[in-house]
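Visitor: Take these sequences, add in the hints, and give me the full structure.
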Amino acid sequence: MAPRTRGATGPAERELLSAGDVARTIARIAHQIIEKTAIGPGGEPVPVLLGIPTRGAPLAARLAGRITEFSGQPVPHGSLDVTLYRDDLRRRPPRPLELTQLPEGGIDDRTVVLVDDVLYSGRTIRSALDALRDIGRPRVVQLAVLVDRGHRELPIRADYVGKNVPTSRREEVAVLLSEVDGRDAVLLRAAAPDAGGGEGSR
Amino acid sequence: MKHLLTTEGLDRDTATALLDTADELKRTLLGREVRKLPTLRGRTVITMFYENSTRTRVSFELAGKWMSADVVNVSASGSSVGKGESLRDTALTLSAAGADCVIVRHPASGAAQRLAEWLADTPTSVINAGDGMHEHPTQALLDAATLRERLGPLEGRRVVIVGDVLHSRVARSNVHLLTTLGAEVVLVGPPTLVPAALTGWLASRRVRVSFDLDAELPAADAVMMLRVQAERMHGAFFPSAREYSINYGLNAARAALLPEHAVVMHPGPMLRGMEIADSVADAANSVIVEQVRNGVHVRMAVLYHLLAAQTRAGEDA
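Line by line, the protein sequences are chains A and B.
Oh and the first sequence: position 161 is 1224 in this note's numbering, straight run, nothing missing.
Oh and the second sequence: position 21 is 22 in this note's numbering, straight run, nothing missing.
Just so you know, the hints here were simulated from the structure itself, not pulled from any lab data.
Just so you know, not all the hints are guaranteed correct.
What the hints assert, rightly or not - Cut-off 25 angstroms, straight-line C-alpha distance, at most; resulting in silico cross-link-like pairs (SDA-like, lysine to any residue):
1. B/K37 - A/L1079
2. B/K27 - A/A1124
3. B/K27 - A/I1198
4. B/K27 - A/D1197
5. B/K37 - A/K1099
6. B/K27 - A/K1099
7. B/K37 - A/E1098
8. B/K27 - A/R1155
9. B/K3 - A/R1154
10. B/K66 - A/R1158
11. B/K37 - B/D21
12. B/K66 - A/L1162
13. B/K37 - A/L1162
14. A/K1099 - A/V1203
15. B/K37 - A/D1172
To be verified - In silico negatives: residues of chain A with every beta carbon more than 10 angstroms from chain B:
16. T1088
17. P1108
18. Y1148
19. R1153
Using N, Cα and C, we set each Cβ at its ideal position, and we do this for glycine too.
Guide: Encoded structure:
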């Protein structure tokens, strides 16, 4: 990847995906989910998309919309907050809980696709797997992410990846979505010193 | 936030954060087969009840257990308190034994505050589960959660609190919390059981005193009936239970004066037939059972905010 200039004034920031790229990437993941989970007339039962807040939730909603559009099959989607299952609760001040909303019909014996914006250490996904176990027993669990930035700390991988981005730990990937941030984009920038990993950027 | 001792001084943002967390916890656990969250694994919560209690002790215990904390109950009878151990020594003992949190109910006003001072040098949090005639913050929080659930935001809402205000820590905690959240509070009761003047803790808040219950009901969004605390009355505060009931009990005819959207609350335990009629306590606009249900979620929220990020001495901060 392009070398970053260090010591520059102001936060060096580079656009990884434009608004158009984000839309195309979501459409591509939607097609991949349709193919892999065999959605269609006479196919398998449709999967359930569960987004991890904050930005995984609108991503899951968008993916569900595209899948419905392409396959003609309505796809249930919801959100799954993993805060109560995190392994770093002791290291940070208590954070507010976010919305958990499961679609009607639940997740038992369904294919569940977890949706998140950035895959990094894998710890959020581990928390999500624990949370799922308390909610029901899915037949299969898969993972879709918009950006995989590497640096995994657990044996976790994504089934659907929008874009693989090699990064340094000193950088952060910020996913912006219009539902939350007013516009769509994916940015790579130098991590703010002392940034506690704010929402949407890790 | 290390301790939860009072609702006085609890700012609006913190109170709202606690209530929002309680709402999310309720939604998260709704309809689940496994009502267990791993959030407080390895935390030890000790309840210390020097006064009788059913719902408060049980809901604190459930709140801790549903979040995977280890909960130990100590009661005054059956512990070394019976041998004459002081509150201070008991607290230090429990802290030394490894309590991350001590939940205390005590007949003396200010007991929780003293406890927090004695435990200042330890990592142990203190939650006030009712201290004498002073405060009962988690009761006020669960009342606010129930009101929000039924009425929406509390800004501009009018809550009428009826009965033995003088001896009631529930009333005190509710006045502070509800007015902080923007509601207006009317205190109603016999002149001997409501504050004579709005001074001290009542001054400069949106609080009013009235002696006429019938006049207050038509404009109320909620009416909260208090228990007559005979155990704290060392004297004659009203001539007879019958007269109290006639003047300040919520019977069916009075309840009919309430607007259609208004809810009826009682912190429990209820003295049916005295402060509240059977038919009113079990009516559709009574949220008394809902208050108990919300009590567990509110106490989970409090434990989460106090303990989730707490580190014991020696751990990396």
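Visitor: All hints are to be evaluated individually against the structure, with a verdict given for each.
Guide: Comparing the hints with the structure gives:
| no. | hint | result |
| --- | --- | --- |
| 1 | B/K37 - A/L1079 | violated (40 angstroms) |
| 2 | B/K27 - A/A1124 | holds (23 angstroms) |
| 3 | B/K27 - A/I1198 | holds (14 angstroms) |
| 4 | B/K27 - A/D1197 | holds (15 angstroms) |
| 5 | B/K37 - A/K1099 | violated (33 angstroms) |
| 6 | B/K27 - A/K1099 | violated (35 angstroms) |
| 7 | B/K37 - A/E1098 | violated (36 angstroms) |
| 8 | B/K27 - A/R1155 | holds (23 angstroms) |
| 9 | B/K3 - A/R1154 | holds (15 angstroms) |
| 10 | B/K66 - A/R1158 | holds (21 angstroms) |
| 11 | B/K37 - B/D21 | holds (19 angstroms) |
| 12 | B/K66 - A/L1162 | holds (22 angstroms) |
| 13 | B/K37 - A/L1162 | holds (18 angstroms) |
| 14 | A/K1099 - A/V1203 | holds (12 angstroms) |
| 15 | B/K37 - A/D1172 | holds (21 angstroms) |
| 16 | T1088 | holds (30 angstroms) |
| 17 | P1108 | holds (21 angstroms) |
| 18 | Y1148 | violated (6 angstroms) |
| 19 | R1153 | violated (6 angstroms) |
Going down the numbered hints, you'll see the structure goes against 1, 5, 6, 7, 18, 19, while the others check out.
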